[in-house]
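**Q** When you get a sec, could you build the whole thing from the sequences and use the hints?
For the sequence shown, counting from 1, position 318 maps to 318 in full-length UniProt numbering; every step adds exactly one.
None of these hints come from the bench; they were simulated from the model.
Quick caveat: nothing in here was measured; it's all calculated off a predicted structure.
Treat each hint with caution, since some may be false.
[Claimed, not checked] Under the rule of at most 30 Å between Cα atoms (straight-line distance), these lysine-lysine pairs were calculated in the DSS-like manner:
(1) K55 / K120
(2) K190 / K87
(3) K100 / K120
(4) K100 / K87
(5) K252 / K70
(6) K165 / K120
(7) K234 / K190
(8) K156 / K70
(9) K70 / K87
(10) K165 / K55
(11) K234 / K252
(12) K70 / K55
(13) K314 / K156
(14) K314 / K252
(15) K165 / K154
(16) K87 / K55
(17) K70 / K190
(18) K165 / K70
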Amino acid sequence: MVIFRFKNMCSLFSLASYSFFFSCYSILMHNGLFQYNCISLGLTLGAVVAVLSHKDLIASVLFCLSLNHKQMSAYFAPAFFSHLLGKCLRRNNPVLEVLKLGLVVLGTFAIVWWPYIHSKDAIFEVLLRLAPFERGIYEDYVANFWCTTSILIKWKRLFTAQSLKFLSLVATVLACLPSMVQQIWAPSIKGFLYGLLNSSFSFFLFSFQVHEKSILLPLLPATLLATELRSPFKLLMHYALFSMLPLLCRDKLIVPYVALYGLFTLLYHAPGGGQYSKIHHLVIPIPLSIGMTFLYICSLVLHIIYLTVRPPEKYPFLFEAVIMLLCFIHFILFALYTNVRQWMLPRQSMSRDKEKKQN
1 MVIFRFKNMC SLFSLASYSF FFSCYSILMH NGLFQYNCIS LGLTLGAVVA VLSHKDLIAS
61 VLFCLSLNHK QMSAYFAPAF FSHLLGKCLR RNNPVLEVLK LGLVVLGTFA IVWWPYIHSK
121 DAIFEVLLRL APFERGIYED YVANFWCTTS ILIKWKRLFT AQSLKFLSLV ATVLACLPSM
181 VQQIWAPSIK GFLYGLLNSS FSFFLFSFQV HEKSILLPLL PATLLATELR SPFKLLMHYA
241 LFSMLPLLCR DKLIVPYVAL YGLFTLLYHA PGGGQYSKIH HLVIPIPLSI GMTFLYICSL
301 VLHIIYLTVR PPEKYPFLFE AVIMLLCFIH FILFALYTNV RQWMLPRQSM SRDKEKKQN
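**A** What follows is the structure in structure tokens.
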């Protein structure tokens with residue numbers, strides 16, 4: 001069990017509320033679509049709790065199980081790797097610590113893969129299932145870089161599948177790199193949570209073959225940081241749910257979507273958050289605040305248009321493209337913001353140490 005210490009009951013209520021809505025998102029997406037990815041998310045959360053409790057070997061086992069259950073858990077792999085490596089490098093015998101983690105990882109993989117290692121065909125069949133490259137760089141209308149920019153750049157026509165695999169790999173690694181470097185350089189609990197968020201967002205925005213429901217992966221660490229990023233997190237929850245509207249409509253889940261969206265809107269505008277906002281006041285430039293408000297209003301209008309108006313025959317997926325573009329703008333801005341916040345952590349700790357020395 002991990003015990004969080006809160007300065008006031010409002011922050012505790014906020015985390016509980018957002019955890020509840022994350023659970024609703026997960027139930028709506030996974031059980032509604034009969035894809036029980038909540039198992040891998042639960043194993044990942046267990047690994048996070050183990051890291052926060054300084055049980056690194058247990059964390060390694062749990063994350064390996066999560067990764068073998070669902071390949072999407074690789075979204076968190078750079079964060080686990082960089083944080084655990086950074087911790088090992090600061091111990092008395094770093095080589096031994098790295099070796100212990102490596103043996104645990106290899107042992108866990110060996111046990112999980114034991115039924116398949118006796119047959120090459122079985123191994124290749126499992127690997128092909130885990131990495132469905134034949135589906136293309138994106139599927140349907142997902143609010144990531146490749147799908148959004150395909151409006152202007154026809155990636156599938158201009159590049160071969162092999163070239164797109166390489167481009168997506170390079171883009172994902174470059175997007176993850178700043179967060180990984182920060183955790184190797186200055187590992188910390190809060191930095192690890194930011195690393196999970198930034199790593200998963202890097203994969204969602206730039207990796208190969210991303211599904212709409214993959215936005216739930218960044219939402220997991222974002223929920224753990226809800227009291228740190230209260231206002232930005234509210235907007236992220238809003239756009240994450242909005243980005244899944246076309247998928248849920250197609251699967252006839254519009255009624256639970258409307259119910260969940262209504263509950264979220266009530267929470268978003270609920271009174272009583274003023275005390276917390278004053279304590280954790282986030283100064284937002286006026287032009288940016290106006291832009292965010294404009295995008296939020298546009299998303300509300302798009303809900304009505306998407307559910308009531310038929311698109312032009314010439315552009316049957318016009319509304320999906322607009323929703324995708326609007327959500328992508330917010331996702332990329334949120335990812336940039338959280339990367340900056342993560343890199344500010346060591347500076348803040350250093351400045352606090354200086355203040356203590358001066359006092």
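**Q** Now look at each hint and say whether the structure bears it out.
**A** Each hint tested on the structure:
Distance check on the hinted pair: K55 and K120 sit about 35 Å apart at the alpha-carbon level, beyond 30 Å; violated. The suggested pairing of K190 with K87 holds, with an alpha-carbon distance near 14 Å, which does not exceed 30 Å. Only pairs whose Cα atoms come within 30 Å are accepted, and K100 paired with K120 is accepted, the gap being roughly 29 Å. Only pairs whose Cα atoms come within 30 Å are accepted, and K100 paired with K87 is accepted, the gap being roughly 13 Å.
Proposed proximity of K252 and K70 is supported: the alpha carbons are some 25 Å apart, at most 30 Å. Distance restraint check for K165 and K120: the Cα-Cα separation of roughly 24 Å lies within the 30 Å cut-off, and the hinted pair is therefore satisfied. Restraint check: the Cα-Cα separation between K234 and K190 comes to about 19 Å, which is no more than 30 Å; the hinted pair holds. Our distance criterion of 30 Å between C-alpha atoms is met by K156 and K70, whose separation comes to about 26 Å.
Under the criterion of a C-alpha separation no larger than 30 Å, the hint pairing K70 with K87 is consistent with the structure, at around 26 Å. Annotation: proposed proximity of K165 to K55 is violated, straight-line Cα distance about 35 Å (limit 30 Å). Taken as a hint, the K234 and K252 pair is honoured in the structure, with Cα atoms around 26 Å apart against an allowance of 30 Å. Between the alpha carbons of K70 and K55 the distance comes to roughly 23 Å, so the proposed pair stays at or under 30 Å and holds.
A C-alpha spacing of about 21 Å is found between K314 and K156, which places the hinted pair at or below 30 Å, so the restraint holds. About 25 Å separates the Cα atoms of K314 and K252, which keeps this hinted pair within 30 Å; it holds. The suggested pairing of K165 with K154 holds, with an alpha-carbon distance near 15 Å, which does not exceed 30 Å. Straight-line distance between C-alpha atoms of K87 and K55 comes to about 12 Å, which keeps the hinted pair within the 30 Å bound.
Distance check on the hinted pair: K70 and K190 sit about 26 Å apart at the alpha-carbon level, within 30 Å; holds. Straight-line distance between C-alpha atoms of K165 and K70 comes to about 20 Å, which keeps the hinted pair within the 30 Å bound.
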